[in-house]
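Asker: Sequence:
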Amino acid sequence: MANLTNKELMAIEDQLNSEQLLIKKYKAYATMCSDPQIRTKFENYASEHQNHYNILLNQLS
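Under the numbering used here, the sequence shown has 8 at position 21, and the numbering climbs by one with no breaks.
Worth flagging that the hints you see were computed from the coordinates, not collected in a lab. Incorrect hints may have been included.
Below, a list of computed lysine-lysine pairs in the DSBU-like style, where the Cα atoms sit at most 35 Å apart [what the hints assert, rightly or not]:
hint : residue 1 : residue 2
1    : K11       : K(-6)
2    : K11       : K28
3    : K(-6)     : K14
4    : K(-6)     : K12
5    : K12       : K28
6    : K14       : K28
Bear in mind that the values here come from a model prediction, so they are computed numbers and not experimental data.
Using the sequences plus the hints, can you model the full thing?
Answerer: Rendered as structure tokens:
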């Protein structure tokens, strides 16, 4: 992987923080839902954002 500039690293860090926030929010929303279909949707959204987070983190390795 090519060396990243400070600006690029900061952008990735910002995106990691955003992904973490979305993961937490969707997990919280899922626990508040009484409708199983909506709960599943929120759990799936949380999982998608966890995948995004993991991909970004792997790019830094």
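Asker: Taking the numbered hints from earlier one at a time, note which ones the structure violates and give those numbers from smallest to largest.
Answerer: Result: no hint breaks.
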